[in-house]
Each structure stands twice: as structure tokens, then as C-alpha cells.
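Residue numbers (this note's numbering), protein chains in the order written: chain G, 1 to 166; chain A, 167 to 584.
Don't read these hints as lab results, they were simulated from the structure.
Quick reminder that beta carbons are idealized off the backbone N, C-alpha and C, glycines included.
Be aware that a few hints might be false.
Which bits of chain G does chain A cover? Going by a derived footprint, with three or more residues having C-beta under 8 Å, they are [what the hints assert, rightly or not]: (1) 6-17; (2) 62-71; (3) 95-106; (4) 148-156.
Computed, partial: chain A to chain G, Cβ under 10 Å [as the list claims (entries may be wrong)]: (5) Ile191; (6) Leu246; (7) Ser287; (8) Thr305; (9) Ala309; (10) Pro321; (11) Ile382; (12) Thr440; (13) Lys549; (14) Gly553; (15) Asn554.
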Amino acid sequence: MKFKGKVHKFGNDVNTDYIISGKYKFKTLDMRELAKHAMEDLDPEFSRKVQPGDFVVAGTNFGCGSSREQAPWALIYAGVSAVLAKSFARLFYRNAINCGLPLVECDTDQIEPGDELEVDLAQGVIRNLTRGVELSIKPLPAVMIKILQDGGLVNHFQKHGGFNFD
Amino acid sequence: MGKTIAEKILSSHSGQDAYANDIVIADLDFVMGQDGTSPLAIQVFKEMQGEKIFDPERVAMVIDHSAPSPLEGVSGLHALMREFARQQGLKLYDVGDGVCHQLVPEKGHVVCGDLVVGADSHTCTYGALNAFATGVGSTDLAAAMISGKLWFKVPESVKLVLNGRLPAGVYAKDLILYLIADLTADGVTYMAVEFTGEAIAELSVEGRFTIANMAIEMGAKAGLMEADEKTLAWVERHSRRVPRPTAADPDASYAWVKEYDVSSLPPYVARPHTVDNGVPVTEVAGTPIQQAVLGTCTNGRLEDLRIAASILRGRKVHPGVRLIVAPASRQILLDAMREGIMETLVEAGAAVVTPGCGPCVGTHNGIPSDGENVISTANRNFKGRMGNGKAFIYLASPATVAASAVAGEIADPREFLK
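Next up, chain G with everything else stripped away, as it sits in the complex (with noise of 0.2 Å):
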């Protein structure tokens, strides 16, 4: 799993309302609908500068708050390919690996704004193109490499009908 684009930063603790606020998520099922809407709290033009394949980066306990999935989901119709951040909230966590958003705990202060980034999950390296330099990645447990490969907590259900991490 090898990723690459730009770099959107944010501080600590961007809770789960700055991602998709509330009152969009009560009224639809549409992710391309919150997609447009999200982090708009923290940066208004944010759905509009995103290209697929980047990537949101923050400081600590990135994604806090509600355990609304909307959150991952609306980054990923976003088009934000991963999340870099010094830590995770659990919740955006488990939510983000059940949905097949891969997310890097790492030193994000050697990462700013604007830079161009290449993460290669299976390598557990992150490779700055803009400053040529390399960060190393804490590797994640089996079991949510195994969700992810599988492409989310839905696809690994339906490949094996149930949780099986053998």
C-alpha cells in the first residue's frame, strides 16, 4: 500500500465535529454530499483544494469526539488518501481502519503544509519528495493490516463471512 500527494496540515486535536460537523451528518447517507463539507470548520476551502491521493496530517489526538463514521468517510470521498498524526483518537481510529483509511502515527512536525509526500505502508517508511528526507512509521497490529488489505471491515466480511484473523 503506496500513497502519494500533497500535504493539508491541521493542529491538535481536530475533533470528529471539524471533520464533518453534526448538522450535515444527521441528514444524509451521501459521503460525496458530506465529502464537500468536510474539515470546512477548520479550513472553508478545504473540500475544494484536496486532490486525490493526499494527505491530511495533525498534530495529537487526531480525531476526537463523536464516534460518527461520517468522519473517515468523508475524508476518504474527500479523496485524502491517509492521516498522519503524533496520535489518534480510538474511536476515529477503529472507525478509520473498519472503513480502509490507513493511518500513520509519526512525527508529523518534520511535515508542513504544501509538502509532497510518498507513504509506503508495507515498507513502514514515509519519504518527504519536497524536502528529501525519510520518517520511519510505527507499524500497525495484525489484525487491522488485515482489515485494511482486505480493503475495510465490509470487504473482509464478505470475503470471509465474518471476523478471521487466522
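Here the structure of chain G is known, so what remains is to put chain A in place on it, guided by the hints.
Relative to the frame of chain G, chain A by itself:
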């Protein structure tokens, strides 16, 4: 080696001798979804080729976040939930029944020792009943409805020992706001918190729900308490199921343990726009407010309404303030009516809305205007939480909210209780 409450419950439900950081696949005692998360779960259920839910007695859905429906789109999602519930024979709590986190315990779906998931972050509320309860997303909810199981990483645990008794005018809400301010919004990310000590023992079960409810606001996966006589009596009153009290072993291993003395704690208020931005009420007293909200899964219980009524009795809500009251369930509304609490609140000038979540989550029932200050008994004050990113939300106890509604500005409730 001894086990924490989390390790014991996840071991007994997975058949594995599990300790912190192990990954287990565990059997669930109860599964819950609300109207913000269930429609997507139903869609995912179908995508996963689900046909029947694992056990209709162990799954419930609650229409509480937008109840009654304020929008055509929402009405469609509610209809989808009703149809799914009918097909599957699962219990659906509909408009007016109340907030999911009040209903699941009140209707007896959860008892001590249970493993419960809910597609709502405040599912940790049931930890007050000595159950390991945690929030999940819609895909997890769908997988749980199909299989009756989920994967869990067994969390490390921390222990908060709360010594002393809360002073007059200071409540469970003040205590948890203080703890979150001290430990910060990600202070215990992914961990299970065990709340213990005299201050917890002294609290009613309702007060304990308030504390466990907000464990997620410091990042916790679960907020747990051991069962005592109060817990068992409460569970016996509400459920026919047999509780399985689960205590931590004396030699259980904790990431850390912290002790507090709560006996001189002042009322606490969380300032905009994070829950950990809390200060003693005296630091924000005098801040003008335009709206006050009493209710939610944190503080919409009978005891909360009773405390607010004790301050509002014989007083009037300030003419510049809208006081919105949303009891946490139909049963609580009925009990409060019988006790004369609703009469007191309405006479004082409160606007009572349907038992549900509305004002807290910005779906309807009280979206503030630009630049307005709101004081609320809810659990979140994020920018935009109540539906307007240009409003400012302060979180406080029912007493502080009631006192502030009368004063027209944030007020110290101790002045009103003299």
C-alpha cells in the same frame, strides 16, 4: 497476575486469558445504535450480506438525536430504522422515548459485568454500572449486529482515587470537568479509567453516570466503577438479568494511579471550545449568556432536574435567556411531572422539548445565533457542536446552569443555595 476490570470482562467474553494490549474477539452482551449512526450501519449490514441479526433481544436502536425529525432527509433515515427494526424484530425506541444512554440502563439492557458496544461515543456511560461499555462506529455496529462479536485491543487501565466528599453546591459534573481539565482531552487515550474512592461511593448511581459518561472526553475507551450496594439495587430495580459484579484484583497492573482530594472542589465550568478548558466558576462568573440548556445523556436525569428546580423555584429565568429543558427519557419526564419539578421549571420560564439529544448536537431544538454564549449541562463544547460555529458553549452542572439562567450571566450556584 491480577487483572483490572477491563481485563477481566474482556477475558470472560473472549475465552482468552487476556491482558492489556492483547487483541481479542469477544462476545457482546448488548449492542445499540442511534439515529445518527444506525442508518449507515443498516446500509453496511446489507453490504456485508447480513440477513438476520445475531439476537433480537440483544440489539436496540434509538431515535434520539433528531427526534422528532426536523427535516425531510432525517425522516427518511428514521423510516429506514423503523423498517429494519420491524424486519429484524429488534427493539426500537422511537421519538419521545428518550436518549439512548438513559434508555439502555433504564430499560434493563445492561447489568454489571456486561460487555456492551454502542454506535455513540458516550456509550462509556454504562461503566457506572460496572459494565465494560464503549463506543464504536457504524461498520462495527453492523459487524456486531451480524456476528454478536467484535475485535478489541484490551486497554491498559489507570486508576483515579477520589478521596473526600464533594462540598454543598458541587456535583458529579463539577468533579468530572475538573478531572478532564487536569488530565486533558487526550490524557487517557485508549485506556480504561477506573474511578474509585469515597467521592464515588457517596454519589448516587445517577451522579456516577455523569462521571462515566464523560470518560471519553479525556480519550478513555471505558470509564469503569466497581459495583456496590447502590449499583446492585439500581440494577435490580431496572433489569431482570442477573448482574455479575466484576472487581479489579488487588495486584492488578495499572499504567498509573492518581489520587485526588475533592473536599474543597469548587463548581467547575469548561470554557469554549474544548472540554478540558475548565476553570472554577468564579473565573468566568459574570459572562453574559443568551441560552441555557438542561438535559442530555450527561445531566438530564431526575436528580439533575430536581437540583435545577431547587434553584429555579420561586425565581424567573432572566428575560435575556432562553432556558431549554430536555429530560433524558419519557420516564424521567413523567417522574419529574409527578414530583412537581416540571411545573417549577415551566413556571420559571423554561421551554421544555422532547426527551432526546437535539440541543446538544445541533440538530434542532435550540441552535444558537452568531456570537451567542450558551451554558449547557452537555458533555461537549466543540466549536459548531450546537449547530453554529460562531457560538460559544460553556459546560457546567445543572445547578450552575440553573443559577446562570436566572442571573443572565454565568453564576456561582452556591450563592443561590444559601
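We went through each hint and held it up to the structure:
1. Check result for the region 6-17 of chain G against chain A: holds, 3 residues qualifying (beta carbon to beta carbon below 8 Å, three or more required).
2. Chain A is given as covering the region 62-71 of chain G, and this holds because 7 residues of the stretch bring a CB closer than 8 Å to a CB of that chain, at least three being needed.
3. Residues of the region 95-106 of chain G with a Cβ under 8 Å from some Cβ of chain A number 3, which satisfies the need for three, so the listed coverage holds.
4. For the region 148-156 of chain G, the assignment as covered by chain A holds, since 3 residues bring a beta-carbon within under 8 Å of that chain's beta-carbons and 3 suffice.
5. Among the interface hints, the one on Ile191 of chain A holds; its C-beta lies about 5 Å from the nearest C-beta in chain G, closer than the 10 Å criterion.
6. Given hint, Leu246 of chain A at the interface with chain G, holds; its Cβ is 9 Å from that chain's nearest Cβ, closer than 10 Å.
7. A distance limit of 10 Å between C-beta atoms decides the matter here; for Ser287 of chain A the minimum to chain G is near 4 Å, and the interface restraint holds.
8. For Thr305 of chain A, the interface hint holds, since its Cβ comes within 10 Å of a Cβ in chain G; the closest pair sits about 4 Å apart.
9. The beta carbon of Ala309 of chain A is positioned within 10 Å of a beta carbon in chain G (closest approach about 6 Å), and the interface hint is therefore held.
10. Because the closest C-beta pair between Pro321 of chain A and chain G is about 8 Å apart, less than 10 Å, the hint holds.
11. Interface hint at Ile382 of chain A: satisfied, since its Cβ lies 8 Å from the closest Cβ of chain G, which is below the 10 Å cut-off.
12. Hint on Thr440 of chain A holds. Least Cβ distance to chain G is approximately 7 Å, under the 10 Å limit.
13. Taking 10 Å as the C-beta contact cut-off toward chain G, the hint placing Lys549 of chain A at the interface holds, the least distance being around 6 Å.
14. Restraint check, Gly553 of chain A versus chain G: the minimum CB separation of about 5 Å is within 10 Å; hint holds.
15. Satisfaction of the interface hint for Asn554 of chain A is found here, the shortest Cβ-Cβ separation to chain G being roughly 9 Å, below the 10 Å cut-off.
Every hint, counting from the list given before, is met by this structure.
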